[in-house]
Structures are given as C-alpha cells and as structure tokens.
Amino acid sequence: MTQRIVTDVAIVGGGIVGSSAALALRRKGLRVVLLERDLCGSRSSGVNYGGVRRQGRPISQLPLAQRAHGIWGRLPELIGTEGEYIRSGHFKIARSEADLAALEAYRDSAHDFDLGIDILSGARLRERCPWLGGKAVGGSLCMEDGQANPRLVSPAFALAAARAGADIHERTRVDEIAHDGQFFHLRAGNALQVKSQVLLNCAGAWASAIAEQFGDAVPMQSGHPAMAVTEPLPFFMHWSLGVEGGTVYCRQVARGNLVLGGGPGRALDADRARSDRASMAALATQAVELLPVLRDAHFIRTWSGTEGYLPDRQPVIGPSRTTSGLFHGFGFAGAGFQVGPAVGEVLAELVSDGRSTTPIDAFGIGRFAPASTAEPALAQ
Amino acid sequence: MSLGAAQPLLRRVAETQRAPVSFTLDGRPLQALEGDTVLTAVLTQSAQLRRNEFSGEPRAGFCLMGACQDCWIVTADGARLRACSTFIAPGMALLSEVPA
Amino acid sequence: MTRPVLQPVVVGAGPAGIRAAQTLAAHGLRPIVIDEAARAGGQIYRRPPAHFKRTPQRLYGTEAGRAIAVHAAIDDLQDRIDHRPDSLVWSAQDQQLDVLHGPTQTTRTVPYGQLIVATGATDRVLPVPGWTLPGVYTLGGAQVALKFQGCAIGSRVVFMGTGPLLYLVAYQYAKAGVKVAAVLDTARFVDQLAAVPAMLRQPAVFAKGVTYIAWLRAHGVALRSGARPVRILGEERVRSVVWAEGGREHTIDCDAVGFGYALRSETQLADLLGCRFAYAPMHRAHLPERDAAGRSSVPGVYLAGDGAGIMGADAAEWAGELTALTLLADHSVGVDTQRARVLQQKLEKLSGFRAGLERAFPFPEDWAAQAPDELVVCRCENVTAGELRRAVADSGADEMNRLKALTRVGMGRCQGRMCGVAAAEILAHATGQPVQQVGRFRGQAPIKPIPIHLLRPADEEVAA
Numbered sequence: 001m002t003q004r005i006v007t008d009v010a011i012v013g014g015g016i017v018g019s020s021a022a023l024a025l026r027r028k029g030l031r032v033v034l035l036e037r038d039l040c041g042s043r044s045s046g047v048n049y050g051g052v053r054r055q056g057r058p059i060s061q062l063p064l065a066q067r068a069h070g071i072w073g074r075l076p077e078l079i080g081t082e083g084e085y086i087r088s089g090h091f092k093i094a095r096s097e098a099d100l101a102a103l104e105a106y107r108d109s110a111h112d113f114d115l116g117i118d119i120l121s122g123a124r125l126r127e128r129c130p131w132l133g134g135k136a137v138g139g140s141l142c143m144e145d146g147q148a149n150p151r152l153v154s155p156a157f158a159l160a161a162a163r164a165g166a167d168i169h170e171r172t173r174v175d176e177i178a179h180d181g182q183f184f185h186l187r188a189g190n191a192l193q194v195k196s197q198v199l200l201n202c203a204g205a206w207a208s209a210i211a212e213q214f215g216d217a218v219p220m221q222s223g224h225p226a227m228a229v230t231e232p233l234p235f236f237m238h239w240s241l242g243v244e245g246g247t248v249y250c251r252q253v254a255r256g257n258l259v260l261g262g263g264p265g266r267a268l269d270a271d272r273a274r275s276d277r278a279s280m281a282a283l284a285t286q287a288v289e290l291l292p293v294l295r296d297a298h299f300i301r302t303w304s305g306t307e308g309y310l311p312d313r314q315p316v317i318g319p320s321r322t323t324s325g326l327f328h329g330f331g332f333a334g335a336g337f338q339v340g341p342a343v344g345e346v347l348a349e350l351v352s353d354g355r356s357t358t359p360i361d362a363f364g365i366g367r368f369a370p371a372s373t374a375e376p377a378l379a380q
Numbered sequence: 001m002s003l004g005a006a007q008p009l010l011r012r013v014a015e016t017q018r019a020p021v022s023f024t025l026d027g028r029p030l031q032a033l034e035g036d037t038v039l040t041a042v043l044t045q046s047a048q049l050r051r052n053e054f055s056g057e058p059r060a061g062f063c064l065m066g067a068c069q070d071c072w073i074v075t076a077d078g079a080r081l082r083a084c085s086t087f088i089a090p091g092m093a094l095l096s097e098v099p100a
Numbered sequence: 001m002t003r004p005v006l007q008p009v010v011v012g013a014g015p016a017g018i019r020a021a022q023t024l025a026a027h028g029l030r031p032i033v034i035d036e037a038a039r040a041g042g043q044i045y046r047r048p049p050a051h052f053k054r055t056p057q058r059l060y061g062t063e064a065g066r067a068i069a070v071h072a073a074i075d076d077l078q079d080r081i082d083h084r085p086d087s088l089v090w091s092a093q094d095q096q097l098d099v100l101h102g103p104t105q106t107t108r109t110v111p112y113g114q115l116i117v118a119t120g121a122t123d124r125v126l127p128v129p130g131w132t133l134p135g136v137y138t139l140g141g142a143q144v145a146l147k148f149q150g151c152a153i154g155s156r157v158v159f160m161g162t163g164p165l166l167y168l169v170a171y172q173y174a175k176a177g178v179k180v181a182a183v184l185d186t187a188r189f190v191d192q193l194a195a196v197p198a199m200l201r202q203p204a205v206f207a208k209g210v211t212y213i214a215w216l217r218a219h220g221v222a223l224r225s226g227a228r229p230v231r232i233l234g235e236e237r238v239r240s241v242v243w244a245e246g247g248r249e250h251t252i253d254c255d256a257v258g259f260g261y262a263l264r265s266e267t268q269l270a271d272l273l274g275c276r277f278a279y280a281p282m283h284r285a286h287l288p289e290r291d292a293a294g295r296s297s298v299p300g301v302y303l304a305g306d307g308a309g310i311m312g313a314d315a316a317e318w319a320g321e322l323t324a325l326t327l328l329a330d331h332s333v334g335v336d337t338q339r340a341r342v343l344q345q346k347l348e349k350l351s352g353f354r355a356g357l358e359r360a361f362p363f364p365e366d367w368a369a370q371a372p373d374e375l376v377v378c379r380c381e382n383v384t385a386g387e388l389r390r391a392v393a394d395s396g397a398d399e400m401n402r403l404k405a406l407t408r409v410g411m412g413r414c415q416g417r418m419c420g421v422a423a424a425e426i427l428a429h430a431t432g433q434p435v436q437q438v439g440r441f442r443g444q445a446p447i448k449p450i451p452i453h454l455l456r457p458a459d460e461e462v463a464a
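Residue numbers (the numbering used here), protein chains in the order written: chain Y, 1 to 380; chain L, 1 to 100; chain X, 1 to 464.
The reader is advised that the hints may include incorrect statements.
To be verified - Chain X is nowhere near these chain Y residues, computed Cβ spacing over 10 Å in every case:
1) R295
2) R355
3) G366
Claimed, not checked - Short derived list, chain X residues pointing at chain Y, Cβ under 7 Å:
4) Q93
5) G246
6) R248
7) R413
8) G443
9) Q444
10) P449
11) I450
12) P451
13) I452
14) H453
15) L455
16) R456
17) P457
Simulated from the structure, these hints should not be mistaken for laboratory data. Virtual Cβ for every residue (Gly too), placed ideally from N, Cα, C.
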C-alpha cells in the first residue's frame, strides 16, 4: 500500500541541518516531509566531537556562526532541551611563537564579530591552565564558545520539528528522485512517494549523489575523524581544547569523561566508519603531551563517523545551479555541528523568501566548475 | 568516612598458608597473602574498593573475572588497576577513593 | 604441491581454545595462543596461582577429571605452541590483533593468518534493586572467589537467579563449609519436571545436577523454586534479601549474595572482526553466526565454545577440536574427517539437552515488567529503568543504540556487558516489541579499557 504525500518542502537527511531546516520551515507555516535513511541525528550530527565553536572558522563562516550562536543560546525554548550545551570556553593552543602569532592574526581578522577572543601566554597561561602540558606556549581563548552533547541535541531538533508538525519518516531510504520540471517526486521503496515543489538536499556525507543527479556535481570526499573517550576522571578542565596546526581536540564533559578526536579513522563501508590503530597511537601521544594527567587514564571506547569534505573545506549552502526549487546544505568538513541550526534557518529563508539575511555567497555551489565530475565519494 | 571499623567482605576459607605481602590501603599498613589479587587483599580487610562516580556509593567488584570493570582501584601515584585481575605486590599503595 | 600459508592464532585458553591448540599442534602447526588469564583453563576450569595447595578434586569436584585433562593438555603443549598468558586482545585491524600484556604493561600487534576465537562467556545478569551493594557478586564471581582465591564472598550467603550454575556454586560453597542461607531459583519446579526428558539426553550431566540439588537438600540448605528476587537491602553492604514466592514476600538475612541467570557470550572480538550476527532465540541473544563446523561468516575466522553461543564445557572441548579440524581442512591439510563427523554429531545431539536446560531454567520473561523504575540497570553510569522508560516515552526510541545515545546506558567502562541484556528487555517491554527487534549495542574497540600511555608508539614513551 503506497503512501502518497504532497507537501511544500521535501528534505532528504535528518541530521542537524535537515532537522533544523524542518523546524524552521514549520515555524514559517510550510508543510514539510523529511526522509531519513536511519534515525535522525544518528550519523555525524550525533557522533561528532560536540564542539560548539565559532573561533577558528573561516571569516566567511562567522556570520553564519554568529547566527547559530544566538540559536544555541535559546536551545531549551526552541527544542525543549539544553542538550548539555554550555558556554565553557574554547581554547586553541599554540605550540610555538609562530602559531601564537597566527592566533593573534585570526583574532584581529575576526575583530568585527565580537568573539571576545583573549590571547593567553606566559605566566597568565600557567596560572589558568596548570593542567596543560609543557609544549603549549599560549593560546586563543573564546569564553563564549563551548560544547554540547550531539547525541542529545541533534535528535532533539528532529523531535521538535515533528512536534511542530513536520512529517518525519525515519528508516526511510530515498531510492529515487525525479523532477518533472515543476515538482520533485521522491520514492522510498514501495511504501512512500512524496511530491513537492522544493527539495532540500541535507544528506550529509551522502549528499553528492543527489547533487550530481541534478547536474550539481561537486568533488566531495568522505572523511572519518577518529574519536575516543576516557573513563570518568575528576573534573579539571572547563574549556574545550583545540591545537593550532595540530589535529587533536579534546573536552571534558561534566560527568568527567574526556572526549578526544584527531586524525583519520577508516571507512568500513559506504555508511560506517571506525577508529584506526595509527590514529589512536597518534591521538594518545598528542593527548598525553597536551594533558599529562591522561597518562594514567584509559580509552574505554573509540569510534568514528562519516563527514563530507569539499576541497576548500567550506560547505555548499544555497540554491542549485540548475534546478529551481532545489537547495543544498551539506559538506561541512567536520565543522557542521555549531553552524547546523543556522544553516537550517537559512535554508528555510531561501525557500520562503528567496534570500537569506545571512551572507552565504562564499558557499555557493557555483564555485565548482559546472562540468566538474564528482570524485569518488569514498576516500580510499 | 572510616574504613577501619568495616567488617571485611571476603572470608578466607582455604589456602591460608601463604607468604605475607605488605601493602597499604589509604595509608594504613596491611598484609595480604602471596597470590591474592588486589581485590582479595583489600576485601579481606575492608568492604569497599572504590565509589561509583555518579551515585557516590561504595563498590566492591561484581564479576571477579575482568568483565564488569567495577573493581578499578587507584594507587597513591595515580595509576589505575583492575583489582580482580591484578595480583597484590609488595609495597602497593592503594586508595579506596579517587582523590579529587 | 604448495600448501597455503597457515598462521593460526587461538584467542582464549579455556576448554575450547586448549583443544583447538592441541589439535593444530597435532597436525604440525605451532599456533599462538593468546589468553587473558595468568594460567590457562578458562573459567570453569580456572586454576589458582601455582603455589596454591588444594587438589583438583577439592577445586572442581565432579569435574576434576575433565579439569585435570584440560590442564594437562595445555601444559604438555607448552613447547609446541606459543602460549601468551596475561594478554588481552583489545582490537583487531588489517589481519593483526592488538594485544596488551598486563604484567609488563606493553602493547603489541600480533599478525594472524587464521583465527580461532574462543572468548568464552560471563554471567548473564538481570539486575535487582540493591545489586550494586558491596557483597553482591555474580554466581561466576562467587565461584572465582572460592576456586581462584580460596575465599568465600561472605559468611552467610544467599544464591539466587536460575541456571545450573546456581546449584553448582551453592553446592561448592556448602561443601567448603560456608553457610548457604538459601538457594532461590526463579524457575518453578514444574518447569524442571517438564524438562527432564530433554535433559536425559545427557544423562551424566543431568545426574550431576540432580546430585547437587539432592546434596544441598540433604544438608539442610533451604531451596526455593518459583522464587523471584525483589530487592537486596543494606547500607554500604548487603544485609538481607527480599524475595517473593507466589504473592508473598520473604526476607532472609545474609552478608553476601551470588546471583545470575545462566551465561552470556563474550562476542566483542567476533564483532570487531566483522562477523555477521544473527538473533538466536534459544540464547535470547544476538550471536556471531557459525556453521556446524565452526566457521564464522568471515573467511579464516572460526568460532569455538561459549563465545558464540553457550554450549557448556564438554561441548566447548569438542567444538575446539572440531573448529581446528575445520580450519585445517579448509587449508588443504589432511584431517580425520570421521573424527570431525563424530564431533559434529556430538554437538548436534547437544541441542536437545540445551533446549531442556532452557526449559528447566527458563529466562524470566516477566523480569522487565517487574523491574521498578528506581532499579539501577547500568551500574557503570548509574542509569535506572525509569530513565530508560522516560527516554522511550519522550523520544520514541525503539532501538538499543538510540537508547544508549539518549540515556548513556552501556556507555560505561564495561560497555554493556552487565546491562545489555537488561536494557534490551526493558526497551522491548516499553515499546511492545519482541526483544529480538530492539537490536544490540554496536561494538567498537577497545574490547576492554586500554591505558592511553600504552597506545603511544614505543619510541615515544617516556621511561617511567
């Protein structure tokens, strides 16, 4: 028995981008059907590091990140939960004077955005971070940046969208999308057909197939950040840490576990990924160097996820090059969690108003040569 | 909280003729027998190995075969041992609670 | 004629691993045998430290003969195998195992051509309020205390749950002179009677079980059937157990509790190796698939013994030998195919007995319905049944990994070993699904917690 639905907007992908778009569209009174292959918020949106960070982003992303910052501050009102979000501070460590200079340069270039960046070094550093290992010479502190629990936040966006009237279908893989010149026709198995004038491609690391189908091919590759978590340790570190020019990042959750990431994991198949021996070795080395207290701690679990990376590590956000009514929001290169809720609102604005109040020109799909063929979606 | 008065959990019923091994628990000098695991060494003298981080309640192991991971105990120099699968060694300085 | 490269590694030195190693060695190979314990033997035939004095008869009772044989087998093999005790396999990648050696606190990778995974089992746990109190142990744990350390878990012990191990451990304790305050079996006597015909397929095993029960009764130990644990009481340690029979509650004073509901397989390595899993209704668990000859779904990976489905120690020995013969035959080594057939038949014949055991000691299907909201299900993370149910109600979660993501159940150090069965039962009950449908926790490395400083490449380590 095939269910046939006619709606205003069909969304493929129930990660934080697709789910927040669904919510935002509902708040504008549009009908929405969201099709998610697995469970909403179960992929990168649900297994990422959990950093909610503006500092360090390309300047072109800062308007989007600032908009998201405002949304994060209203999370309980918007999605009914805080998702363990706290503005704990984000500290990006410099291991050399050159790195410190780079952080200072970034602070200066981001001046207009009032991130409140404070550069620490020398005695001030040692005073505030007694737990920091010897190699750090300083760092860039953004006190209003922070962290959250992606496992709670991302599904909560989908739940909020559903409560607001979005028709969300989980465990529903889109097998076919057709366009008749006016409407999109999506088919999921024999059970469901959806017809809409607008299609949002929020399919994360798997969005390039849809893009390519509509002549919007992009050279996106899959990446798999290697992640690990420790047992609960006595709480000592409020800030989420990153390293300038380094690959390790880590944070301590309120319950005491440290979540760490850095280096590449590996794909098991097109859909699943796992951490990797060499990456864990590198992560362990950097982790102990950064936080000597970790010497006696254990990894109790490792994991990875699948993220979409474009060559310039900037996402694609905005209308299709070729097809009216098709909008893309994907390719966040491992940095989609913080901006995700703003991207959702932007996509909703593009649909309902034809434009967004947030500058997104830098993320246009037009920056890729029209004839470019998508490179294999899986990193070898 | 005082451990001194706590009745031990484990009772020796066999194999009592073994060489003594000196160790400390929360600074108190104690003796175990050679071949005791850390768990046996501690719980033949007291009723706790650690406290659960979230309930704050005492724990004394559960499966005794390295599966439940509930018997991790901390040493004075910050190392962590799985008590049921680590043999007591002379001079081990064990703590029944993790220092903050 | 060229022979294919045979580089077998056996993981686990219980009865299955030992017989597998013995069989491989008998065909001229020198397998690496990696075992977590200091001395080989597994759990049921666990050996105390070498200088302990009790005889096998005192340690293993009716199983002494089998224990001696299994120990002799591995001891005789020492110069023909590469036996690596005190070694934990914590991951596998690119045809190499990641191994942590406890005493030296070093890690290394061990390459393999073929693997026999014989990782055994632990107790299957269904929590009861108060189960995290000091003095409460699994049945297997109570047995380890006695066998491996010459200790009783208390001086007045209640044993409860169900399964043949319940009576065996109670018997061992009583024989060791420990006061057994009661043996409380959730199984009803009527179930056990009905199961007799099936259990008579293994008359010797059946007779042993009857012997334990008869002995306990003859020695005045209170045995109760249809006895449901309600709660364990105590402040900081066990003081008493409340249990229910029919509609009535009873309280019994004690200073220790051993409980469990038969066994659950340790499948983490098979999972990391990519073995396909399937739900096995008799075991009420998702287990790595293995064919009648011991092959997993991954070429070159074989599964023997309790680690891929509970079969008991005798069957584990047969399975160890059989999977080794299968491995050899699969790699063009001549084997005694008649012997392989005999072993396969013995294993097949066992399934009727196993079904009988399940009938005699059934899984308490009403456990989830009876579990109160305040019951701690995940003892690592302190997550209660009520929190699980609330997450289901609030979010519609109907699958184990989603439940875990939302509530943290299974996220602690034990990674779901102690809470996984209970969490699945509660989730199934809360969502009105058969337990098969809620799935299982996704497996990831490390198989057990691994010290971070040992993961660093050797040349990076600072001398301690």
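Going down the list of hints, with the structure as the test:
With a least CB separation of 5 Å from chain X, R295/Y falls inside the 10 Å interface cut-off, contrary to its annotation. Every CB of chain X is more than 10 Å from the CB of R355/Y (nearest about 35 Å), matching its label as outside the interface. Listed as outside the interface, G366/Y is consistent with that label: its C-beta sits roughly 37 Å from the nearest C-beta of chain X, beyond the 10 Å cut-off. About 5 Å separates the beta-carbon of Q93/X from the nearest beta-carbon of chain Y, less than 7 Å, and the hint is met.
For G246/X, the interface hint is violated, since its Cβ never comes within 7 Å of a Cβ in chain Y; the closest pair sits about 42 Å apart. Against a cut-off of 7 Å between C-beta atoms, the interface hint on R248/X is violated, since the closest Cβ of chain Y lies about 41 Å away. Look at R413/X: its Cβ gets to within about 5 Å of chain Y, closer than 7 Å, so that hint holds up. Against a cut-off of 7 Å between C-beta atoms, the interface hint on G443/X is violated, since the closest Cβ of chain Y lies about 10 Å away.
Against a cut-off of 7 Å between C-beta atoms, the interface hint on Q444/X holds, since the closest Cβ of chain Y lies about 5 Å away. Checking P449/X against chain Y: minimum C-beta separation of about 4 Å stays under 7 Å; hint holds. Checking I450/X against chain Y by beta carbon gives a least distance of about 5 Å; that is within 7 Å, so the hint holds. Here the hint on P451/X is kept, as its CB sits about 5 Å from the closest CB of chain Y, short of 7 Å.
This hint holds: I452/X has a C-beta 5 Å from the nearest C-beta of chain Y, less than the 7 Å allowed. The criterion of a C-beta within 7 Å of any C-beta in chain Y is met by H453/X, whose closest approach is roughly 5 Å, and the hint holds. This hint holds: L455/X has a C-beta 4 Å from the nearest C-beta of chain Y, less than the 7 Å allowed. The beta carbon of R456/X is positioned within 7 Å of a beta carbon in chain Y (closest approach about 5 Å), and the interface hint is therefore held.
Against a cut-off of 7 Å between C-beta atoms, the interface hint on P457/X holds, since the closest Cβ of chain Y lies about 5 Å away.
Hints 1, 5, 6 and 8 from the earlier list are contradicted by this structure; the remaining hints agree with it.
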